[in-house]
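Spelled out from the first residue to the last, the chains are:
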Amino acid sequence: MPFLIDCPNCGRRSPYEFKFGGECKRAPDPGADVKAWCDYLYLYENMSGVQDEWWYHTMGCRSWLKIRRNTVTHEIIEE
Amino acid sequence: MAGRLPGCATQVLDRARPVRIYFQGRQVDAFEGDSVASALLASGIDTFSRSFKYHRRRAPSCLSGQCSRCTMSVDGRMHVKTCQTSVREGMSVEPHGSVEFDPKSLADTFSWALPTGFYYKYFYKPQWFWKRVKEVFRAMPGNMATVRPLAGKSRIDAVNLSPEMLVVGGGLAGIEAAITAAQAGVRVVLAEADGWLGGFDAFQGEAGHRRAQDSIRRLREHGNVRVLTSTWVSAIYPDGLAICVQSCGGEGPEGVLERVFHVRAGTTVIATGATSVPPLFENNDRPGIILPEAAQRLVHLWGIRPGTRILLAGGDDYLARVGLELIDKGIGLAGLADYRESGPDEALRARLSEHGVRIWSGYKVTGSHGRTRVEGATLAALGGSDVQTVACDTIVASSGRYPRHKLLGQAGARMAYDSGLNFYLPEDVPRAYHAAGRLLGLEDPEAIMAQGRVAAVRALEGLGIDVGTMGQEARQALERPSPLRAVSAQPLSTEAGKKAKTFVCYCHDVTEKNVEQAVEEGFSDIETCKRYTTATQGACQGGMCEANFTHVLARKRPELGSRTLPTTRPPVASISLGAMAAGHHDNPQLSPLHHVQLEHGGRPMRLGSWIRMNHFGDELAESLAVHQAAGICDVSMLGKFRVFGPDAKKLLNRVMTREVGNLAGNKILYSSSCNEEGILLDDGVVLKMGEDDYFVTTLAGRAPVTEEWFARWCREEDWQVHVVNLTETRAGMNVAGPKSREILSKLTDADLSNEAFPFLTWARVKMAGVDVIAMRMGFVGELSYELLCPSSQAGFLWKRILEAGKPLGLVPFGIECLNICRLEKGHAIPGLDTDGFTNLFESSFGWMLNRTKTETVGKPMLELFSDRPLKEQLIAFSMDGKSPVLDGCLVVKGPRQLGRVTSIRYSPLLDKTIGLALVEPDEDWREGGKVRLWLGEGREVEAAFAKPPFYDPSGGRMKA
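Heads up: the protein sequence lines correspond to chains W and P, in order. All residue numbers for the first sequence refer to my numbering, where the first residue is 19 and numbers rise by one. All residue numbers for the second sequence refer to my numbering, where the first residue is 64 and numbers rise by one.
Keep in mind that the hints are not guaranteed to be accurate.
[As the list claims (entries may be wrong)] The calculated lysine to any residue pairs, modelled on SDA-like cross-linking and capped at a C-alpha distance of 20 Å, are:
1. W/43 to P/752
2. W/37 to W/92
3. P/916 to W/51
4. W/84 to P/853
5. W/43 to P/738
6. W/53 to P/740
Don't read these hints as lab results, they were simulated from the structure.
Could you put the whole structure together from the sequences, leaning on the hints where they help?
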């Protein structure tokens, strides 16, 4: 399958129109320690498989989209 | 090789339309439908290029765009495959360098001095020597064009397509697959490398031609198939993107040379076919030695005699069939050498003998001779000692068949060697890809067509499309007994002498001996051997040499067992840089004040995504005018946003380092923003326009990023907040200078006095009848008003202000002057004077961090940094008079590099060169310290460390 992102505003578009916004994860509390913050900022799951991630439609409607993608096959899993 | 055959149905020529092209200035007559290579071959030109290392004569061997031997410059474009380029009236064709007389061909005689990896072995000592001669060596390789800028800009288009199915290859299998998918009602893109459809069958004589035409006719009945001819699919990437490059030969009024299709198909059928493997024997690279497909293409497509006395050599029945086709056309044969004891098939043998063709069964060719092209060949009995010499002017030879598997490999399939068939077959083909046709070793046209249909049915089923009864019918057709796969011949060992040249790789002149030597030196793995010898790494990307290369390697290292192919990577064949860049359309933004500034002498320049005025003739005079009278500058490229809604404050407090909640009345809040790592991103101002209604500005040109940033920080919240990007709707102009109040007062009734409208406040005023938001800011260090007005009225207002200011000395100024004035004040610009590693504290903006607010993005990391020593800091320095130092110059201390100059300008007001530098902390960064700037070649200049501002330290002038 080709890797196309189904944008709710613009339809199925090439990923080249988007900016990858990283894995979906929650920031630690503001007061958390250095380790928690460094883990959050610099350590990625780098998942080989299905993950939730953010994409920003730079060359389209300029919305943030959350998608679930298989990083190996680029298959997008509809929820 | 001169001369054309009579016309017939299989030919792609239009003999009624002659075309003239020019080869080295000499006129060559051709017909519409000719390729450049076929036109040159028909006119008797033998040498197309000189080889890479030994400068040997080379001529096309495949005529199907796979080898790199026919490349020349066409109409100024370099390294064009002439066999894939259609002739056009007046076309100018030039070989790369001198091909008829090439003194560098001496390298052929001294080849013993150029063993494998000679550049690793020789080119390092003595160092002084190689430093001097390396340029000489760089100029040595053959078939290299001299880079010349094209007269006109080459036009290369890009198109995005996302059909349900992509079919690569327009042969019988590909066409059947496309028809099947079209019948199922899906959109199909069919890409074919040749300028016509039919694939292998297009040049299989009249029977093949009829088959192909029948298929093409049935394909044309379907409107949902987009056929792209002259299109190479050069890559398939893991995300399913296929890059298809179509050569258009300058079609249309815009003269489009190439069109790049970025195809993202739901499923892909790969039917790229198979190709003959070049033969292995001594001097197997001579002009006149061609593959059987090339001979068929010449005869059937372009009506060209490959030669008058042709020797056929190989080990399968295909060659015998080609021989009969040549006889049919009245072309003389020197004979057929078949390495199999049993020779060709009984029936074929009988028919060849009928025509008096001499057949040597159990013989192979061991070498060719001749001067500028083949004049004869040596044959040797495989088992015995008999050696014979045959006179011939062309050798049509192959070492068997090889699948064109590169795209399949890029898609993720593995090719496994089948020793029964002497052929590589795909394994582990990924889900969305399906192989079909001769690529799978099929020979029988019926089987190929049936299998194309089956591949399409499987592909459609994979997409979840109901194919009805088509699936069953297709599978039944395939089950009909038919000789599915023919056994291919295989390359033979040559046992040639030490000095013999049996070429494995033609692009880089790698011989069989070179490969063997590399193995002896320990480079026995296919991947290391390939890199060491550079075989398969030339312009053909292994298309011509991979089979022989793996064969030679496997013979030398039988203990390695099964044959593996090297990894295939994009591109399949050479691709122009223009094709890679296609689709990127530069679209700079113009300020609403762009044209009015041009009228006033503005000198435009590109800065980020905007075109801005660099200056209006003299930036130094402009800066003096700003200090002594007044100036006006376009600042429309500042990002401008309205942020409103009950939760607007929450969003702003998150992205801004300062507290927004305390903002009241007509005060201006100057703030910065950071990312989560505490890195400084932006600075700008916040105005409170009403309850929960804010107006925010950001750095020039940053509006798109800011918009993304704002959206990013509320994407997971259910806040009621709207962010409206007003950047293009509002123009901005900065009127600065001691006389600016006097000038603007002429245009408004509003009270602009310092008491009514003090520094760092804003007001809504009507200026020359235009609604303006005026802000008192101090970026250039003088009394100044930043005016924001509707874009549509900006030009009018600009003209009125200039009119009013002219008697008082007002001048327009550009960004050069803006830079001089802001450096006099020591103002840093985030992203220019800081970089992606500079945090808020290191960038001199640390004072803007509100310590009590917890929600600020980046605050937790900044808290952690706050009690640690800085890793870098922004310092200011000055030098008397003008200085040659430019932005980006290094700051050094002895042998150490401490940082770099981020901005530096000469200030005519101070008669000093002043600048900012981003440097490591050092004890010299104190009053009286020296900043050493490196000019290169051991030259340094010294500047004095300084504490900004350099001008008006109390700020009295801007607050006046």
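Verification of the supplied hints:
{"no.": "1", "hint": "W/43 to P/752", "verdict": "35 Å, violated"}
{"no.": "2", "hint": "W/37 to W/92", "verdict": "15 Å, holds"}
{"no.": "3", "hint": "P/916 to W/51", "verdict": "18 Å, holds"}
{"no.": "4", "hint": "W/84 to P/853", "verdict": "36 Å, violated"}
{"no.": "5", "hint": "W/43 to P/738", "verdict": "16 Å, holds"}
{"no.": "6", "hint": "W/53 to P/740", "verdict": "13 Å, holds"}
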